[in-house]
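Asks: What follows is the residue order along each chain.
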Amino acid sequence: MKLYLAAPTSRKNIVVNYPNRIDYILESFYYIKPWLIDMVNTSRIKSLLLDSGAFTLFKANSHLPEKYVDEYVQKYIDYINQNEIELFFELDIDSIVGRLKVEEIRQKINRGTGKLSIPAWHKSRGIKNFIELAKDYPYIAIGGIASKEIKKPEYAEFHKLIDIAHKHGAKIHGLGFTPLNELSNFDFDSVDSSSWSYGSRSHNSSLYKFTGNSMICYSIPPGRRRKHHTIIDSHNFHQWCLYQRYLNGASACLQ
Amino acid sequence: MSELRLEYLPVSELIPYTKNPRKNDAAVERIANLIKEYGFKKPILVDEKNNKNEIIAGHTRLKAALLLGIEKVPVIFADDLSPEQVKAFRIADNKSGEWAEWDRDLLVGELSDLRDIGIDLDITGFFTHEVEGFLTPIDLDSFYLSEEESKAQIDQKPGSINPDPGFNNQKVVCPRCGEEFFA
Chain A
1 MKLYLAAPTS RKNIVVNYPN RIDYILESFY YIKPWLIDMV NTSRIKSLLL
51 DSGAFTLFKA NSHLPEKYVD EYVQKYIDYI NQNEIELFFE LDIDSIVGRL
101 KVEEIRQKIN RGTGKLSIPA WHKSRGIKNF IELAKDYPYI AIGGIASKEI
151 KKPEYAEFHK LIDIAHKHGA KIHGLGFTPL NELSNFDFDS VDSSSWSYGS
201 RSHNSSLYKF TGNSMICYSI PPGRRRKHHT IIDSHNFHQW CLYQRYLNGA
251 SACLQ
Chain B
1 MSELRLEYLP VSELIPYTKN PRKNDAAVER IANLIKEYGF KKPILVDEKN
51 NKNEIIAGHT RLKAALLLGI EKVPVIFADD LSPEQVKAFR IADNKSGEWA
101 EWDRDLLVGE LSDLRDIGID LDITGFFTHE VEGFLTPIDL DSFYLSEEES
151 KAQIDQKPGS INPDPGFNNQ KVVCPRCGEE FFA
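Chain order of the listed sequences is A and B. So for the first sequence, this note's numbering puts the first residue at 1; every next one is plus one. So for the second sequence, this note's numbering puts the first residue at 1; every next one is plus one.
Treat the hints loosely; a few may be bogus.
As the list claims (entries may be wrong) - The list that follows gives simulated cross-link-like pairs (lysine-lysine, BS3-like), each with its CA atoms no further than 30 Å apart:
1. Lys19/B with Lys160/A
2. Lys160/A with Lys23/B
3. Lys151/B with Lys152/A
4. Lys95/B with Lys167/A
5. Lys95/B with Lys2/A
6. Lys19/B with Lys167/A
7. Lys209/A with Lys151/B
8. Lys160/A with Lys87/B
9. Lys49/B with Lys209/A
10. Lys2/A with Lys23/B
These are computed hints drawn from the structure, not numbers from a lab.
Next comes chain B alone, as it looks inside the complex (with noise of 0.2 Å):
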């Protein structure tokens, strides 16, 4: 396997892939902030072999510079790969980040840690209705009575049919598949 050689090229050498098939007008500002923020992070990879400097993967990245008026960016190469292989790779790095799924308690650490810090959650590109609905935790004692509580309720009627209270025993029928179930 051949090295990675990154090289710093002015953006008007790189050539957009005409039929790239993501839409990523919506995120070219939020992939700004982020470079605003932190800087130019992830290199852009271009095709070397085949179509010189075409892009493989980081056409968000390229517009996000153009917007903010950056002139270099750093870029990768790709020159071991033949076209069929660039034409799939560009969908699979696109996909590939969907293979992966966020653990939900170690993301509300890591999101309450920043906050604590003072950090704006919205660098992290969470929307903020979203990290409130991470944080903000469901009291769970609101809605269920503690197991002591249970147990006491259901030695104080023994022999009733269904003695939990938020049991009425109304029927009710799913009107599309036609289940019953008592409510």
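Okay, chain A solo, but in the shape it has when bound (with noise of 0.2 Å):
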């Protein structure tokens, strides 16, 4: 399984920084930096997957009319194009602009890069929308994990969707699913947390410890406080690729 580390730009001098090759991270085109493609250029990362940002900008604007939309396209295939990113996902933004006009975009992506975006499948699209996609792309996503959605008691749902996807050939990803003790349950090709940057989070101050088969999270001791954010994300950052190295089979390669 592949475990793409997402918002590496929230912390740019933690992935600057580390010493060693990060096999995979996820970043949104809101937020991407030309440093982040410097990285991919130059091998120090392996393989990005690109996010749209769409939900997060759109959210946001409610407001923006169809032509910003049209325009925020267009910019994201230019990016895509000029950058040369092989794996993106398209605008999963129907809760803002609709079912039709999503798949209109989606449309315009595939055409505009000569790639298949990646379909990051909703619930309220249905099932059958979801065999559709995994007949005719071959990496497909499900979304609204994050956003809870979809819920924990229908995790167990996951298999089902997995088992379609890989019946048709399809990858599939779990977008923002990182359930620490249950990815191992999961055939899931590939998934994305940005937890490992939440040691800064001043509520949520969590220190990772990658044990060689599973994580640990420590919640911040109380009445204690941390000594510096960046000593605590680094630190949480090497981990969290260690992991990634884990899932991905290489386990052997840290004997």
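The two chains are supplied separately, each in an independent frame; assemble them into the complex guided by the hints.
Replies: Printed below as a string of structure tokens:
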């Protein structure tokens, strides 16, 4: 399983100064920076998965005219082409512009880039749509996990969706699916998480430790404060990079 | 409940179940190492009532025995199970290993004891990097101020929005779910 570490630009110094190669990074078009592309081009990052960032943009700016959506899509296409991005998501903004418009945008992106985007299926689209996507696309994603559109008791349904995808030869990505103790129970081809950067959250300062086959999360000890967020971020990023390698089946390399 | 019967049978008399749903090839060498170190301590369970000597549990142990050239292995016989029960138990027996969890603290204690008396921890079945992960404790003092230092810091900066030095008030928005937080 490929674990993409998300939100790298929120901790530029940590990522840029990481001494080892980073396997998988996910960043949003809304936040992406040239230095991250440089790291990909110089093979310091093995694979970049680009998210459209549209949900963030349009949720915060719901008044934006449709023309702006089209402009954003064109910028997204241009960026993908200019930087030769291979893996990128569609704009899964069904709740903002409607499903028909999302499909229209997806086709435009596919035509404009000459590549197939990764459709991010949402529960509201229905199972029939999921099956169609699995037939038509080599890589699909399940969205709505981080936003809790799909709730924990429903996670068991992922098995069926994963089976459908694999039966049709499609890889499947769990967007924001990173419950630490459940990752190995699901046969996602890839997932992503920004948890590594949570050490700097004031209300949820977590310290992670990769044990060799799992991650342990330590909460901030009662009554104690962080020395500096950079120390924790740097440590957490390294631990998540090790976990990334482990999940990718490279555990032998860690010995 | 009938008492279990244990016998030593030639490996050639044991019949692997053709639809065994476990992929065990990668585990054979490790099991063989365990047998080499400790002997064949866990018998193979076979069906006696329905399909004579067909393995219910212990396919990997049989492969390990073959790898090691062992001619006879300890076998216990299930003579009271229906074909359906055998089929279900074959899965349940494998699955049941996942039901219990490690008590990490006690495990670390046991591994530490073994390491201290010079036992090669590879034999426990944990990989080297797993053992290192368990036995290298996280040093919280590297990351956090002591309670006294923390309290002193708060007292020094009364009234500030957030006097935590690990907090720089930079707003971050999660690109997927849109959650906003300060870093």
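Asks: It remains to establish, for every hint, whether it holds in the given structure.
Replies: Hint-by-hint comparison with the structure:
Taken as a hint, the lysine 19/B and lysine 160/A pair is honoured in the structure, with Cα atoms around 23 Å apart against an allowance of 30 Å. Restraint check for lysine 160/A and lysine 23/B: satisfied, since their Cα atoms lie roughly 22 Å apart, inside the 30 Å limit. For the given pair, lysine 151/B sits about 38 Å from lysine 152/A by alpha-carbon distance, which is inconsistent with the 30 Å threshold. Between lysine 95/B and lysine 167/A the CA atoms are separated by roughly 25 Å; this keeps the pair inside 30 Å, and the hint holds.
Proximity of lysine 95/B to lysine 2/A is assessed by CA-CA distance (about 25 Å); at most 30 Å being required, the pair is judged to hold. For the hint pairing lysine 19/B with lysine 167/A, the CA-to-CA distance comes to about 21 Å; that is within 30 Å, so the pair holds. In summary, the hint linking lysine 209/A to lysine 151/B is supported, as the alpha carbons are separated by about 27 Å, within the 30 Å threshold. Among the hinted pairs, lysine 160/A with lysine 87/B is consistent with the structure: their alpha-carbon atoms are about 24 Å apart, no more than 30 Å.
Between lysine 49/B and lysine 209/A the alpha-carbon distance is near 50 Å, which puts this suggested pair outside the 30 Å criterion. Between lysine 2/A and lysine 23/B, the direct Cα distance comes to roughly 22 Å. Compliance with the 30 Å bound is thereby established for this hinted pair.
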